[in-house]
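**Student:** Here's the letter readout for the chains.
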Amino acid sequence: MDIKQKLKLVIIKDLALEDVSVDSINDDSPIFGEGGLGLDSLDAVELVVILQKNFGVQIKDMAKGREVFQSINTLAEYIQKNMQQ
Amino acid sequence: MTCRMAIRGIGLVGGFGCGTEAALNALRNGGRPDDFLMLKVPAGTVKYPVYLANPDPLKKFLSPSKLRRVNKYSQLAALAACMAIQDAGQAVYQHSDTGVIVASGYGASTTTFAFLEDVILEGDNFASPTLFSNSVHSSAASHVTILLQIKGPCLTVIQFEMSMIAALLNAQVWLKDKKVDTVLLGGIDEINQVLLYCYYNFYGKDIPQEMTPLNYELQTAIPGEGAAFMVLTRDEGQVPPYGYIDMVSWETSSEHTIPEDILIISGSDGHRTCGLQYRKLLHRIDHNNIKTFSQIYGSMPCGQMFDLALASVAARYGLIPNSYCSIKLDAKGNLGVIHHS
Amino acid sequence: MTSVTNSFSAVRITGTGCLCAAGANVPEIMSNIYSNIRAPVISERVRADHPELYPMFELPASAMPGDYYKEQEAKRCGLLAIAAATEALDNAGLDMDNLRKYRVGVCIGTTVGNAMNNESFYSDFLLDRFPDMHPIKTYLQANPADMVARHFNLKSLRQCIANACASGTVAIGQAAEWIKNGICDIAIAGGTDILCRVIYNGFISLKITDSQPCRPFDKNRQGLNLGEGAGIIILESDQVARQRDAQVNAILCGYGNCSDAYHISAPKRDGFGLEMAINMALGQAGINYDDIAFINAHGTATPENDSVEGILFSRLFSHTPFNSTKGYTGHTLGAAGAIEAIITIEELKRQKIAASIGFQVSDPEFDVDPVTENTPIHGRYALSDSVAFGGNNAVLVFQQGPQE
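Protein chains in written order, with numbering that gives the first Met the number 0: chain A, 0 to 84; chain B, 0 to 340; chain C, 0 to 403.
The set of hints was computed from the structure by calculation and includes no laboratory data. Honestly, I wouldn't trust all of these hints.
In silico PhoX-like links for lysine-lysine, alpha-carbon gap of 20 Å or less [claimed, not checked]:
1) LYS63(A) with LYS52(A)
2) LYS331(B) with LYS136(C)
3) LYS206(C) with LYS59(A)
Simulated restraints, written as ranges between beta carbons of each label pair [claimed, not checked]:
4) SER122(C) with GLY203(B): 24 to 34 Å
5) SER62(B) with TYR288(C): 33 to 43 Å
6) TYR316(B) with SER313(C): 49 to 59 Å
7) PRO302(C) with SER62(B): 24 to 34 Å
8) THR44(B) with ASP131(C): 12 to 22 Å
9) GLY332(B) with TYR288(C): 47 to 57 Å
10) ASP39(A) with LEU120(B): 18 to 28 Å
11) GLU70(C) with MET37(B): 27 to 37 Å
12) ASP245(B) with SER313(C): 30 to 40 Å
Every residue gets a Cβ at the ideal spot worked out from N, C-alpha and C, and that includes glycine.
Please take these sequences and the hints and turn them into a complete structure.
**Tutor:** Structure (structure tokens):
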């Protein structure tokens with residue numbers, strides 16, 4: 000399974016986004032805020048733990064988080080670069 | 000100090016189902032545990048009858064997307080709160096003239112355990128901030144204010160079996176002082192595996208299949224979970240459908256004001272230690288004048304809220320007189336007394 | 000909004016007791032904070048596995064009650080509350096003999112004190128090691144309000160308040176309402192909380208802790224430091240206080256409690272709930288914003304909290320000196336509101352507020368700064384506010400006691 004697919008699945012499952020399907024998440028669209036998946040600051044810190052658990056990557060602080068969490072694409076890129084082998 | 004409180008609406012969810020219809024049905028036909036849970040013990044597994052509460056009907060009041068991070072503890076509270084407001088026939092409050100008081104014996108322990116589980120099994124770095132935010136006992140009251148958009152004062156009381164008396168005293172004070180015009184007050188408790196484990200260790204391998212709270216010498220408590228909420232106002236305006244709470248009092252088993260000439264709704268819930276205390280306390284009362292409702296919802300620390308809610312529903316529909324006195328003992332000799340008319 | 004209480008018959012504060020990282024009792028705490036001393040540490044007791052270490056404000060050994068380490072951890076919140084209550088009752092000139100003459104209520108705020116977060120018990124349970132019931136039995140005996148009532152042989156009503164970070168403030172306000180309505184004659188009210196791994200892990204997961212000593216209201220603030228301790232005040236009606244000829248440390252003349260109805264962990268940016276709570280408290284006290292001589296802010300040093308307060312204070316209290324004393328005590332959660340109430344009372348007595356330690360650089364997001372040195376204040380009224388997770392906002396207004 001590729002990173003983006005896995006990412007979408009774990010986000011839907013671990014953030015309990017029951018009414019969201021994998022296919023409906025556009026790789027380039029913002030995932031935070033009203034226009035995105037409606038995620039907020041609490042989801043952001045939860046996403047940090049989700050990334051650690053599922054991909055072994057760390058986010059040091061939320062300034063980094065804001066950068067990385069723009070979209071599925073930016074997340075996947077970060078994971079690719081930092082994933083522990 | 001007295002401030003007579005009018006009960007304008009009731010919402011409740013528990014092993015008997017959800018809402019006053021389900022409650023009335025259970026009052027008429029008797030209640031029994033509705034489910035089973037398995038518990039691992041050294042010798043294998045045992046099957047525990049339990050009174051489980053289902054929060055799913057909350058989705059009729061609020062969209063599921065609003066509930067995605069809301070723990071079951073808070074969902075049960077929100078469900079009972081929504082039903083109480085609907086039952087009172089009032090629109091959801093947007094103003095600061097409503098206060099919320101939540102009482103619980105064990106609080107959000109189920110969520111605390113879920114938080115601990117991640118830390119224990121995966122490590123300190125895998126602690127879930129969502130679970131942590133929800134593991135505080137105040138999470139139910141907070142979610143109720145957020146989901147129902149209530150901006151008045153808010154309070155969570157954690158005092159085991161005396162939680163409801165303390166909560167009601169606070170409500171009386173708020174109404175008397177005109178701090179608010181309405182108090183949305185409720186009790187919630189949840190079942191989890193740790194609770195069952197405690198039952199097993201404290202009360203032994205003889206697992207009761209049915210609660211008989213008036214057989215004081217027997218240990219027949221069956222764990223229950225659920226939430227019961229009321230809409231309370233001052234004694235003003237229209238006659239309330241569920242009567243009045245005339246007096247709320249924190250007493251002791253050695254110094255109390257339990258009347259001998261009206262119906263007593265006894266909080267005894269199948270625990271032998273307290274059962275013997277109830278027997279002693281009520282020995283002068285005609286046993287025809289003593290009723291219990293705990294067999295409808297199970298044993299839980301906030302049980303007195305269910306007693307009050309069920310008795311008020313029963314009184315409304317003529318199953319019991321309007322005048323009654325609800326009592327609740329804890330294991331330390333504290334006694335909560337509520338007079339209703 | 001409903002009309003505010005017609006008259007909030009002011010409740011007398013006749014005793015205070017407190018212990019926290021800043022000191023083992025009220026005089027020591029005040030001496031240390033006026034000396035602008037603070038000592039956050041990397042804890043030896045509370046350890047967890049994270050890439051960074053976060054300093055905390057631990058109770059010094061000198062502040063720990065005698066039996067502290069003998070008892071199970073679950074009882075420690077209760078023990079701290081008892082220690083603070085002992086100092087407070089002594090300060091109020093009340094011993095067990097004269098307490099017996101009155102109906103005495105107990106109202107204690109806490110978060111850890113009622114949490115069943117015994118990790119080793121739950122770990123054994125989870126891993127099918129079938130732990131024994133001792134930790135559970137301890138938990139059932141460890142409700143801090145029960146422990147205080149038992150210790151002082153009190154039979155009347157008691158309750159633990161769980162309003163997250165506002166618990167201590169709410170417990171004091173609620174107890175005052177009991178007194179005013181004659182539910183009890185005297186109230187032992189406040190808050191207590193201890194440092195533990197669960198809380199440490201929880202706050203780190205929220206990414207709101209600072210790996211440096213905290214910097215309330217500073218432009219570069221990164222988050223809070225946790226702390227522990229207990230604060231208890233003795234409340235009485237004017238009638239009872241006169242009857243006993245009790246000294247009056249201060250008068251509690253206003254209490255506000257309102258909800259943001261917004262988010263489970265983030266405060267509402269416009270400070271709407273906090274503003275309402277402030278207005279409620281001022282209304283009860285019968286005073287205006289300008290009558291407040293100083294404010295003890297919630298000031299946790301998280302970016303979000305301090306923005307909300309900074310912006311609100313800029314609008315409502317643009318000339319009012321304020322500090323956050325969490326720079327000296329850490330964020331003591333359920334105890335915070337009570338410890339800060341006591342510091343406020345003491346500062347009001349002395350007409351001087353301590354420097355808001357940790358602050359250096361102004362945050363351009365708001366127009367006010369906390370005081371950077373010990374500052375004389377002139378006035379009879381002070382305000383202390385608490386902003387809790389889940390959106391509860393609680394405010395107390397104190398009036399200076401009669402001057403000797």
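**Student:** Could you tell me which of the hints above the structure violates, numbers in ascending order?
**Tutor:** Result: hint 12 breaks, nothing else.
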